[in-house]
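A.B. asks: Going down the list, the sequences are from chains B and F.
The numbers in our numbering rise by one with no breaks, and the one at position 230 of the first sequence is 230.
The numbers in our numbering rise by one with no breaks, and the one at position 254 of the second sequence is 254.
A hint or two may mislead.
Any copy, or any two copies together, can satisfy a pair, since identical chains are not distinguished.
Stated by the list, open to error - Capping the alpha-carbon separation at 27 Å, the derived lysine-lysine pairs in DSS-like fashion look like this:
{"hint": "1", "residue 1": "K229", "residue 2": "K182"}
{"hint": "2", "residue 1": "K316", "residue 2": "K211"}
{"hint": "3", "residue 1": "K316", "residue 2": "K229"}
{"hint": "4", "residue 1": "K229", "residue 2": "K299"}
{"hint": "5", "residue 1": "K211", "residue 2": "K299"}
{"hint": "6", "residue 1": "K420", "residue 2": "K229"}
{"hint": "7", "residue 1": "K420", "residue 2": "K182"}
Just so you know, these hints were derived from the structure itself, not from any lab.
Number of protein chains: 2
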Amino acid sequence: MTETGKTSDNGYRPQDDGSLRAYLAGLAPVTTLLSGGPADWTVEEVGDGNLNLVFIVRGPAGGVAVKQALPYVRLVGESWPLPLSRAHFEHLALSDHNRLAPGLVPRVLHYDETLALIVMELLQPHIIMRRGMITATRYPAFAEHITTFMAQTLFGTSDLALPADEKKTQIATFCGNHALCKITEDLIFTEPYMIAENNRWTSPQLDDAAKGIREDGPLKVAISELKVKFLSEAQALLHGDLHTGSIMVTESETKVIDPEFAFYGPMGFDVGALIANLLLSYFSQDGHATPNDPREEYKTWVLSQVEACWTGFVQKFLALWDGARAGDAYPAALFANDPDAHRLAQERFMRALLTDTIGFAAAKMIRRILGLAHNIDLEWIEDPHRRAACERRALRLARQMMVERHAIASMGDITGAAAKT
Amino acid sequence: MTETGKTSDNGYRPQDDGSLRAYLAGLAPVTTLLSGGPADWTVEEVGDGNLNLVFIVRGPAGGVAVKQALPYVRLVGESWPLPLSRAHFEHLALSDHNRLAPGLVPRVLHYDETLALIVMELLQPHIIMRRGMITATRYPAFAEHITTFMAQTLFGTSDLALPADEKKTQIATFCGNHALCKITEDLIFTEPYMIAENNRWTSPQLDDAAKGIREDGPLKVAISELKVKFLSEAQALLHGDLHTGSIMVTESETKVIDPEFAFYGPMGFDVGALIANLLLSYFSQDGHATPNDPREEYKTWVLSQVEACWTGFVQKFLALWDGARAGDAYPAALFANDPDAHRLAQERFMRALLTDTIGFAAAKMIRRILGLAHNIDLEWIEDPHRRAACERRALRLARQMMVERHAIASMGDITGAAAKT
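Kindly generate the complete structure, drawing on both the sequences and the hints.
C.D. replies: Rendered as structure tokens:
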């Protein structure tokens, strides 16, 4: 393992202000974009995520964001090593996303495999969507954009779009990202359901709820079934961490960032991550409401986005399915002249995907309340009693979603239940 | 592509009597086993399969089987190229099978990557099980052996047994066998349900049945759902072609051969292949029966084997699950102190696997009657009317199995329906 500040044998070195200026000065596309020289630039380390260094570099003419992987989990420290190769997979995924969903992900200016470093366009004045939702900001274009992103990237890397040999080649490539998958496997699908050192929750207020989840047999079966899906079902290239902290927004633009957890997995994991984070925002609103800012209308808007995200995704995904495509699944030779069978196939596919989405969404909700990594939506509610009340409602819905996922027939059932929970 | 009889640039050359003798004479483990010199050996090419050269070499002291991949599909000819790398994957799978199910697969004496050639122990007096069943031979040890093989190999390469990183490495490796997977994808999951040049059936007797299947919407949806599973669900290392032609038997021994279609796929595909071929044997018996050899008792035995294969497999698989294991699925931390949840998890897992098994079994039955490659169980019934009557009953059950696979609660329901079809 490489320690911060040292150069490893293979040339890797975590960047700092000075080394980064010198490095960027050698990259023509970057110096053109920034203008001026290294002395004219400002460099700011802003990584507030869990894993990496992130620098914002601004010059007289423009800015770039530089993301560099560290050889360990930043949130925890050097005791938890993590391979630099995740930058390789993030770069691969960003390339696929730029091709499949142009305009909805940051443009890559430079990638350095040795430094595990990606230089991207600076997204400004975009902010992390989660932060905007904490201040009750609406994003009128968001659902339209994110459903396009999900439909294009998931459909475009599925067996509906890719010939089988090409898809197997892609699956094999992303199998290399197993260390990042393992984080998800442990932190989302296992630890919140057992006593584990990494876990934390609003205590003592939620001690009974956490214990209840650890002793809930049907729930443990359900989360384990979802884990098996995550471990073995290579449906499409997932972003792998598609929460509202991985989405940057303005009123009119949406950009999906940080696909370092990318791998071929079950589509419902991405769609569910998004749905989960909208629902967590919904449940957090009562914790942020004040007499002057009651949040009731905003809560209604958030739930409307849950439904809009699902409905828009389905509509766009099926439109792609109806179009010309090269994939081996559901061959045109069997369905082109049989519209009833085609419709039945699509209905059944989407019903199964809804079930997965609901299950994975529930998993994501529970881990953010009982596991290692929490969301600021809830964390920023200072009064623990008030926070726990929000979290308890979210847990109750999540439990129901996961165990009853096969019986829930529509996303409207979820939002209806959320409003009543 | 390399033509037969020529040496390719990389050293590959299809073997013949003379070249093989010289080659084997250089392999110490082989000469020891055979004894004598090349002039004392007999060499016989016996490949009756669809893809490869197979030589039996006998010496004064013993014999070996030599299997060599050809760069095309033998059944069709050089117009259908097929990569030699399938020998590499067969060798990998044979190694895994020897480790996981010792004694139930042939021992490998030598593997030559360049020649795509495997030298194995000669299995004698074993015969291909399918041939024995055509003459109504019972194999009293078969169910015990094959259920051990399936349980050990499928469990042992699943997420229940393998840590996630190791399993992803294995998945990635076997993704390279995509050309063999493609044969399955096309010949089993697609072509029998459309008009395709490769298809053939007992005509004109089954013309209406073939047309009915091509126009059966729910069936086309079902086969396409199974195809998606085959394309995307990497549950365990499959043999990939586990029919009674890939099993060699004596009264007391069972050996599984020919895993060149091996890859990480849905377990139900292997179990289903076996069940399908037992059912096809069952339906073929009326075509072989004579007044002196009515076959009624043998038919009862065959159906009893269908149930014994499923029941034994389940019992052994669950026993492995109950034991010490290193896999990431269904972690002990969640289930060790919750026997009810453990039992529920196993019940639900096996219910889902039964559904898959029934669906894949149906797919295998249909392809052997309407697709390219047929079974001698049925092909050797000379009278086309009599053969078509057997095939029609098999098709009727297969159609029901596939479309109703989610509703069928036990293998006994299948054998009961078979007896009544």
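A.B. asks: Are the hints correct? Go through all of them and say.
C.D. replies: We went through each hint and held it up to the structure:
1. K229 x K182: both (14 Å within a copy, 23 Å between copies)
2. K316 x K211: neither (41 Å within a copy, 34 Å between copies)
3. K316 x K229: This pair counts as both: shortest intra-copy Cα distance 24 Å, inter-copy 23 Å.
4. K229 x K299: neither (32 Å within a copy, 39 Å between copies)
5. K211 x K299: neither (29 Å within a copy, 55 Å between copies)
6. K420 x K229: Result: close neither inside a copy nor across copies, 30 Å intra and 37 Å inter.
7. K420 x K182: neither (35 Å within a copy, 50 Å between copies)
The structure does not agree with the numbered hints 2, 4, 5, 6, 7 stated previously, though it agrees with the rest.
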